[in-house]
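Residue 94 is where the sequence shown starts when you use my numbering, and the numbers rise one by one after that.
Keep in mind that the hints were calculated from the coordinates and are not lab data. Quick caveat, the model's predicted, so the values are computed rather than measured. Treat the hints with caution; some may be incorrect.
Said to hold, decoys possible - Here are the computed lysine-lysine pairs in the DSBU-like style, where the Cα-Cα straight-line distance is at most 30 Å: (1) 424 with 402; (2) 402 with 538; (3) 293 with 263; (4) 412 with 538; (5) 646 with 597.
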Amino acid sequence: MQKVAGMLFALLLLLLLLCVSNDTHANVKSTSYEMMLIGSEFELCRSSATHFCRAKDVLAFRVGNNRSAKQYKLAISQIEKMMHVSQWNPNRQALRYDLHLLFNAIAKRAGTRILSHAQLLSVWKSISIRRDGKALSGYSLFLSMSESELAMILDHLEFAQLDHAGRRYKDAVIIDKSEPSMSITLAKQVIDMAKKGDAKPKVLVATVGYRDSYLDVDAYVSLFNQMGGEASWLAIDASLVQLIADKNTCNDLTKYRADILNSYDRNRIYKDLVKIQHQYCMNPSLFNQQVASADAIVIVGDDPKLLNKAFIVNGRESKLLTQIRQQMNAKNLLVVAAGKMARGMVSKGNQGAVILGGNSEYAMLNGTSSLVQKRMACEDYGSCESDYNSVVYQQGGIGLLDFPLIDTQVSSRGNIARLARVAHDSKLMQSVAIDKGTAILLNEKNGALNFQVVGESGVIYLSFKDAKPSLTDINYHYFTPGDDVSSSLNNVKVIYPEWKTVAKDPQAQLAFYNNLFYGDNYNRFSEQACVINDQTWQGLAGRNKKFLVKLSKTPSSQLQMGGVKIKNDYKFYCSISALSLSLTRN
Numbered sequence: 094m095q096k097v098a099g100m101l102f103a104l105l106l107l108l109l110l111l112c113v114s115n116d117t118h119a120n121v122k123s124t125s126y127e128m129m130l131i132g133s134e135f136e137l138c139r140s141s142a143t144h145f146c147r148a149k150d151v152l153a154f155r156v157g158n159n160r161s162a163k164q165y166k167l168a169i170s171q172i173e174k175m176m177h178v179s180q181w182n183p184n185r186q187a188l189r190y191d192l193h194l195l196f197n198a199i200a201k202r203a204g205t206r207i208l209s210h211a212q213l214l215s216v217w218k219s220i221s222i223r224r225d226g227k228a229l230s231g232y233s234l235f236l237s238m239s240e241s242e243l244a245m246i247l248d249h250l251e252f253a254q255l256d257h258a259g260r261r262y263k264d265a266v267i268i269d270k271s272e273p274s275m276s277i278t279l280a281k282q283v284i285d286m287a288k289k290g291d292a293k294p295k296v297l298v299a300t301v302g303y304r305d306s307y308l309d310v311d312a313y314v315s316l317f318n319q320m321g322g323e324a325s326w327l328a329i330d331a332s333l334v335q336l337i338a339d340k341n342t343c344n345d346l347t348k349y350r351a352d353i354l355n356s357y358d359r360n361r362i363y364k365d366l367v368k369i370q371h372q373y374c375m376n377p378s379l380f381n382q383q384v385a386s387a388d389a390i391v392i393v394g395d396d397p398k399l400l401n402k403a404f405i406v407n408g409r410e411s412k413l414l415t416q417i418r419q420q421m422n423a424k425n426l427l428v429v430a431a432g433k434m435a436r437g438m439v440s441k442g443n444q445g446a447v448i449l450g451g452n453s454e455y456a457m458l459n460g461t462s463s464l465v466q467k468r469m470a471c472e473d474y475g476s477c478e479s480d481y482n483s484v485v486y487q488q489g490g491i492g493l494l495d496f497p498l499i500d501t502q503v504s505s506r507g508n509i510a511r512l513a514r515v516a517h518d519s520k521l522m523q524s525v526a527i528d529k530g531t532a533i534l535l536n537e538k539n540g541a542l543n544f545q546v547v548g549e550s551g552v553i554y555l556s557f558k559d560a561k562p563s564l565t566d567i568n569y570h571y572f573t574p575g576d577d578v579s580s581s582l583n584n585v586k587v588i589y590p591e592w593k594t595v596a597k598d599p600q601a602q603l604a605f606y607n608n609l610f611y612g613d614n615y616n617r618f619s620e621q622a623c624v625i626n627d628q629t630w631q632g633l634a635g636r637n638k639k640f641l642v643k644l645s646k647t648p649s650s651q652l653q654m655g656g657v658k659i660k661n662d663y664k665f666y667c668s669i670s671a672l673s674l675s676l677t678r679n
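Start from the sequences, fold in the hints, and give me the full structure.
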């Protein structure tokens, strides 16, 4: 029956030929927006990571003196350093001993060769050693390690990419302005919104959400400089903030970085950036001066927990965060958060939740846990091994946005039930999920969240109808590019662009889906609303089809559709307001 989906979109093509816009993604230069939240990280063509590059760009990187992907060298001095007893927990000393033997054996095999990441892991997993007459495989030892232990080893083995004078090769970025990707289009949007008059806007890049806060500095500074800004690094991270709060000497930064960020031996790789951070450590008022003169701050990273640690110290909001909020509220500073950092902008404490991981099926089977509950549980069981399926959330974000819950890339990963269940279990009445390559430009006014959708996909908005949340009656909305939304609890108003029209007399055949927690199946399932006459439709989800997902049109439902021309093709959108969503066991 899923082949019917192709017929559905063929009909959608016919219905929308008369309501197509040539303006793919309108540029917004309004100063009324104070924040931009992007549903995914910026995908850049960079010399250290070329998977978003064209073939000719990869060749161009080889000509210049640019940083390449991480390289590794099995230097005995580094092996001794990373295998020192002080680097390992007391209960991991037996593993440390075995790994020490293993890496000495790997060093003998690899010699002085420089290895790629793949080459290092290949030789690591393929080699075997003998201890006390027993064979130990490198692969079994690899599987025995925690993520933090693996990160520590890779950091120590990383080879410093330096020129003949000992200067660090920098990560280069190539931007195709003639046919820009969506990431480049959104980066240009940042510059346009931050610009005031003829001067270049000053853009601060804060890499606070990365374990290695130095790794992406070059790429993001280069990106916003090339887009027409004057970009610089805001050299803040959780380790530096905690050190300053503890009033310890700046010479302890290496130790703090290891303890808080699980980041090691960075001075050997990024000597110039460490020096900059040391200067800010000696004079923290430089941070305030930098923010005071900025037009925009772009916050990037992949770990929302590190975002909180960088701006909320010992349970209290930092002075820098207070300054950022004040300048943002005064419309003097545009705050941009990309990918998982967008999740961390939400309300502080028990008024907000930051989703850290997990999937829809686990959420429906076992519910969700706060980070504190998860830690208590794993302490009780004596094990805290990573469980990538369990749905865990952190109570509260940094509070730059007075909104309870934001998730990202839900539509493409089947995480609709994860979003709904975290909101339900946390008793948070509203939630938003931003798709990949999509952004919301927003402000808050008179208790309402006002936002416009830009980019290539859409934004989910959920709300519960009363003070007792129920998974069987959720207000479901899906807004797409060009939609202007004003939302407060159970009160959503939408202004649609002219190129979208009301779906009239839809006659498409309903497509049936039986795996709605996989990929973008749920998104396609819900977008049928614009082209079918059915008032209620349902599908199955989860392994063994354990769950039933049902959508229903209501008297308040609004359905608008339209398309945009992209080069020689068309992309069609269905904007949905006020459907009823039900998630139950089958």
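The hints, checked one at a time:
1. 424 with 402: Roughly 26 Å between the alpha carbons, so the hint for residue 424 and residue 402 holds.
2. 402 with 538: Distance ~28 Å between residue 402 and residue 538 Cα, so the pair holds.
3. 293 with 263: holds (23 Å)
4. 412 with 538: holds (24 Å)
5. 646 with 597: Given that 30 Å is the threshold and the Cα spacing comes to 15 Å, the pair holds.
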